[in-house]
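Engineer: If you read the protein sequences in the order shown, they are chains X and R.
The opening position of the first sequence corresponds to residue 74 in the numbering used here, with each subsequent residue numbered one higher.
The opening position of the second sequence corresponds to residue 151 in the numbering used here, with each subsequent residue numbered one higher.
There may be inaccurate statements among the hints.
[What the hints assert, rightly or not] Lysine-lysine pairs mimicking DSBU-like chemistry, simulated, CA-CA at most 35 Å apart: (1) X:Lys98 to R:Lys327; (2) X:Lys218 to R:Lys274; (3) X:Lys233 to R:Lys294; (4) R:Lys294 to X:Lys291; (5) R:Lys327 to R:Lys309; (6) X:Lys291 to R:Lys274; (7) R:Lys294 to X:Lys218; (8) X:Lys233 to X:Lys98; (9) R:Lys309 to X:Lys256; (10) X:Lys233 to R:Lys309; (11) X:Lys98 to R:Lys294; (12) R:Lys294 to R:Lys309; (13) X:Lys256 to R:Lys294; (14) R:Lys327 to X:Lys233.
Treat the hints as calculated values from the structure; they're not laboratory data.
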Amino acid sequence: MYRWEFSPVIANADLLAAGLLNTLKVAGAALVLGVALGLVLALLRLSPRAVASWPAGFVIEVFRTTPPLVQLFWFYFALPLLVGVEMTAYMACVTTFSIQSAAFFAEVFRAGIQSVERGQWEAARAIGMTRNQMLGRIVLPQAIKRMIPAFVERAIELTKTTTLVATISYADLLFAANEVSQKSFRPLETFTAVALVYFAIIYVASLVARRIELRLAKSGESTVH
Amino acid sequence: MRWDFGSVLANSDALLVGAIGTVRIFAICLVLGLSLGLIVGFGRYAHNRWLYIPATAFVEFFRNTPVLVQILWFYFALPILMPFAVSPLAAAALGISLNSAAFSAEIYRAGIQSIERGQWDGAKALGMDWWQAMMRIILPQAIKRMVPALTNRAIEIFKMSTLASTVAYVELLQQGKLIASLNFNPIEAYTAVAVIFFVILWPFVQASYALERRLRRDE
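Just need the whole structure built from these sequences, with the hints factored in.
Structural biologist: Here it is as structure tokens:
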């Protein structure tokens, strides 16, 4: 019978904590950029002009349809050669996951905006608002409330996806786990501990998401079915 | 910068080997994930505590941890507990299948729960037992509602298959890496891999959108 021994993992807790911090850093940066870019993409896609809606639709489809790991490798190994800039692992991660999550956030925004009844637009136009005013003052404030559950769900997905950064040697929690397991010859304990850390964080986030969803479902406003 | 796909085309046999590897792991994970998910989904739906609690724990654990962590756990940690070696294919297939089982279990459960009580009552009134009602009345209707979500899952599994490259399983991305490092052409090699995935998956993604729209119209 194998004897579990967690003390080498605990002895390296500082390495793992630094990794966790980097995980949160990448996830946070990609989340902020992804939401902002996602809103832009959604507005472009909903635009009546084909010059705007086609390219936006193309970006959204490409990033939703190709595997995130392929995107990450492309941004890390191919893009720097194409445009002639140095790309650190951190920059590649944030770029990839921002655009990738933006493609998904764009669809959340689009569903939310489209869920607002036509009458709201018409009423806003009737009192003389421009398209931007209608969006900013009438439609988005109502839409955003309905999008919250889908948002939180996407943010959780994003956090899970950030583990891919370990493959290009960015020192996130998973990468730190790999190092610690090689140093301590305790892969079983290290990977189990790290899996539990991820579980704890993501599970709490999921519970919060479910709470919000229930509450919104009660007031009859949700885009999650 | 001049693009030169010649060096990628010269290695198209390597990409073909990779494509076969991708399709193989996809097929394994699709079958294992969706069928195991059905069993877990039944467990989640059961009133018996001894079925419900383990099924729920399974679903929560595998839905709330990153799939790459699961794959690496099966590859590096599991062999220590087991008396045998775990191959890259086995580790990746285990991680992706169990993860997909957890997600598809929730699809099955939601599908079954979406069927109105009246259908159960009607089946019971005809003298059917639980199993007959489930197989003849509930599941056939529920499966129709699950198809779009299950199609999405299948697409996700196909994308997840690239994670197998992290444990050196030979699939498309792994072969792309190989070609890039042998020919110093990462731009063309990774672009080619991305395009291959897009071309394969795009029709399925479009089909899933169409299915969703159709279902919304039908109900």
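Engineer: For each hint, tell me whether it holds in the structure or not.
Structural biologist: So, going through the hints one by one against the coordinates:
1. X:Lys98 to R:Lys327: This hinted pair holds, its Cα atoms lying about 27 Å apart.
2. X:Lys218 to R:Lys274: violated (42 Å)
3. X:Lys233 to R:Lys294: holds (30 Å)
4. R:Lys294 to X:Lys291: holds (27 Å)
5. R:Lys327 to R:Lys309: holds (17 Å)
6. X:Lys291 to R:Lys274: Holds - the C-alpha atoms of R:Lys274 and X:Lys291 are around 32 Å apart, at most 35 Å.
7. R:Lys294 to X:Lys218: OK: R:Lys294 and X:Lys218 at ~30 Å, within 35 Å.
8. X:Lys233 to X:Lys98: holds (13 Å)
9. R:Lys309 to X:Lys256: holds (32 Å)
10. X:Lys233 to R:Lys309: holds (14 Å)
11. X:Lys98 to R:Lys294: Between X:Lys98 and R:Lys294 the Cα gap is close to 42 Å, so the pair fails against 35 Å, i.e. violated.
12. R:Lys294 to R:Lys309: Satisfied, since the Cα-Cα distance of roughly 24 Å is no more than 35 Å.
13. X:Lys256 to R:Lys294: At roughly 51 Å apart (the allowed maximum being 35 Å), R:Lys294 and X:Lys256 break the hint.
14. R:Lys327 to X:Lys233: Satisfied, since the Cα-Cα distance of roughly 23 Å is no more than 35 Å.
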